[in-house]
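Colleague: Letter by letter, the chains look like this.
Protein chains: 2
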Amino acid sequence: MDFSSKLLENAVNEMSQLPGIGKRTALRLVLHLLRQPESQTVRLSHSLKQLREEINFCKNCHNISDTEICEICANPNRDEALVCVVEDIRDVMAIENTSQFQGHYHVLGGKISPMDGIGPGDLHIDTLVEKIKKGSVRELILALSSTMEGDTTNFYIFKQLEGKEVLVTTIARGIAVGDELEYADEVTLGRSILHRVPFEGSLKSS
Amino acid sequence: MDFSSKLLENAVNEMSQLPGIGKRTALRLVLHLLRQPESQTVRLSHSLKQLREEINFCKNCHNISDTEICEICANPNRDEALVCVVEDIRDVMAIENTSQFQGHYHVLGGKISPMDGIGPGDLHIDTLVEKIKKGSVRELILALSSTMEGDTTNFYIFKQLEGKEVLVTTIARGIAVGDELEYADEVTLGRSILHRVPFEGSLKSS
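Sequence order for the protein chains is D and L.
For the first sequence, our numbering assigns the number 45 to the initial residue and increments by one for each residue that follows.
For the second sequence, our numbering assigns the number 45 to the initial residue and increments by one for each residue that follows.
Everything labelled a hint here was simulated from the structure, so no lab data went into it.
Heads up, a few of these hints could be off.
No copy labels: a pair is met if it fits in one copy or bridges any two.
Capping the alpha-carbon separation at 25 angstroms, the derived lysine-lysine pairs in BS3-like fashion look like this [to be verified]:
id : residue 1 : residue 2
1  : K177      : K50
2  : K67       : K208
3  : K203      : K178
4  : K103      : K50
5  : K50       : K93
6  : K93       : K103
7  : K178      : K103
8  : K178      : K50
9  : K93       : K67
10 : K93       : K208
11 : K175      : K103
12 : K93       : K177
13 : K175      : K50
14 : K177      : K67
15 : K178      : K93
16 : K203      : K50
17 : K177      : K203
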């Protein structure tokens, strides 16, 4: 693309570094900002810079937090002996939305993925093992996505915990509520038959 | 969405002000920035702010430019008596990419659209009329999009120029090069038959 302005070109180039945003979309977004009041761009620019510079992660669970210990970990009504292991903060938000979980989280920050150069050392696995070693965790729920990377990470964590006194569980896989059986893939349907639950007991919380 | 951090919430809210970017996408983009080196966010933030604060528009054609007169208007090899009227800078970039036009541009900054509250006074139509009044323009090419708003704007400009000594033309509409006739809509096909050109004369530049 041939820009008539170096400033415009810079902004478009930086914007198009974001995932899923190509040069054309970046140009559309930047031109939109130019048509809006200057204050909008200033607020966007400031909020991104401030987030990146001042962001904190909870010392306990590695969730994003403005305080040293996040609201969830600081809540005395939540069960700290029940820990749910997730990939990132979006999973925390998704599970929190269900209001079905009253334990703590442990945010790994990703999955083991040799293809992307992410090894166990790049994730918060060591602090998880430390936490378990202290003996304060009763149950660890693995809630990673069921991809090859997720399975690898699950297995790695499981191996690290061998011999430790902790119950390791994983979230139930099965047909989604409201889904038709005939359209389900065979792996999911197979698992949901294998891991069938007593009738009417399915809504019992752990 | 329930954010654990006010900083994160601010950034996501500002990001989701952009067109076509919802809260979920905004969260994905912002979390991506958090995983990248801090310098990337600083550069993005700075380039947007700088663009918005220091942006200049060419005094002659209203194109985005870092200088008072844009490169196109300042180029002595281009024909200033031939002016192409476009909606915004993206159209200038598109036409420049064809290398088929050696005249000047006039960027309106939009189309007349009562639905969006955009009247003739919000566009750079007065400066266009001024330019024509001076008598230095031989031909005016209307290259707005062929929507109702585009047609309205074309007609408004045409009316403003009544009695002035200037040839007003519009870009050719027809079947795109490489397109199959059977899939073309009837309006386009009809126009391309009405405005047929002599064989082999179609590549002649104006």
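Colleague: Hint by hint, say whether it matches the structure.
Modeller: Hints versus structure:
Neither within a single protomer nor between protomers do K177 and K50 lie at most 25 angstroms apart by alpha-carbon distance, with minima of 56 angstroms and 33 angstroms respectively. Neither within a single protomer nor between protomers do K67 and K208 lie at most 25 angstroms apart by alpha-carbon distance, with minima of 51 angstroms and 41 angstroms respectively. In this assembly of identical chains, K203 and K178 lie within 25 angstroms of each other by CA distance solely inside one copy; the values are 17 angstroms within and 83 angstroms between copies. In this assembly of identical chains, K103 and K50 lie within 25 angstroms of each other by CA distance solely across copies; the values are 17 angstroms between and 42 angstroms within a copy.
Taking identical chains as interchangeable, the C-alpha atoms of K50 and K93 lie at most 25 angstroms apart whether they share a chain (22 angstroms) or sit on different chains (14 angstroms). Only within a single protomer do K93 and K103 lie at most 25 angstroms apart by alpha-carbon distance; the minimum there is 22 angstroms, versus 33 angstroms between protomers. In the homo-oligomer, the alpha carbons of K178 and K103 lie at most 25 angstroms apart inside one protomer (16 angstroms), although the nearest pairing across protomers, at 70 angstroms, exceeds that limit. For the homomeric pair K178 and K50, neither the shortest alpha-carbon distance inside one copy (57 angstroms) nor that between copies (32 angstroms) is at most 25 angstroms.
In this assembly of identical chains, K93 and K67 lie within 25 angstroms of each other by CA distance both inside one copy and across copies; the values are 22 angstroms within and 19 angstroms between. In this homomeric assembly, K93 and K208 never come within 25 angstroms of each other (Cα to Cα): the closest approach is 42 angstroms inside a single copy and 53 angstroms across copies. In this assembly of identical chains, K175 and K103 lie within 25 angstroms of each other by CA distance solely inside one copy; the values are 12 angstroms within and 65 angstroms between copies. Proximity of K93 to K177 under the C-alpha cut-off of 25 angstroms is found in neither arrangement, the shortest distances being 38 angstroms within a copy and 49 angstroms between copies.
For a Cα distance limit of 25 angstroms, the shortest separation of K175 from K50 qualifies neither inside one copy, at 51 angstroms, nor across copies, at 27 angstroms. Within a single copy, K177 and K67 get their C-alpha atoms no closer than 49 angstroms, and across copies no closer than 39 angstroms, so neither meets the 25 angstroms cut-off. With identical chains, the CA atoms of K178 and K93 are never at most 25 angstroms apart, being 38 angstroms at best within one copy and 48 angstroms at best between copies. In this homomeric assembly, K203 and K50 never come within 25 angstroms of each other (Cα to Cα): the closest approach is 54 angstroms inside a single copy and 37 angstroms across copies.
In this assembly of identical chains, K177 and K203 lie within 25 angstroms of each other by CA distance solely inside one copy; the values are 14 angstroms within and 82 angstroms between copies.
Comparing the model with each numbered hint stated earlier shows that hints 1, 2, 8, 10, 12, 13, 14, 15, 16 do not hold.
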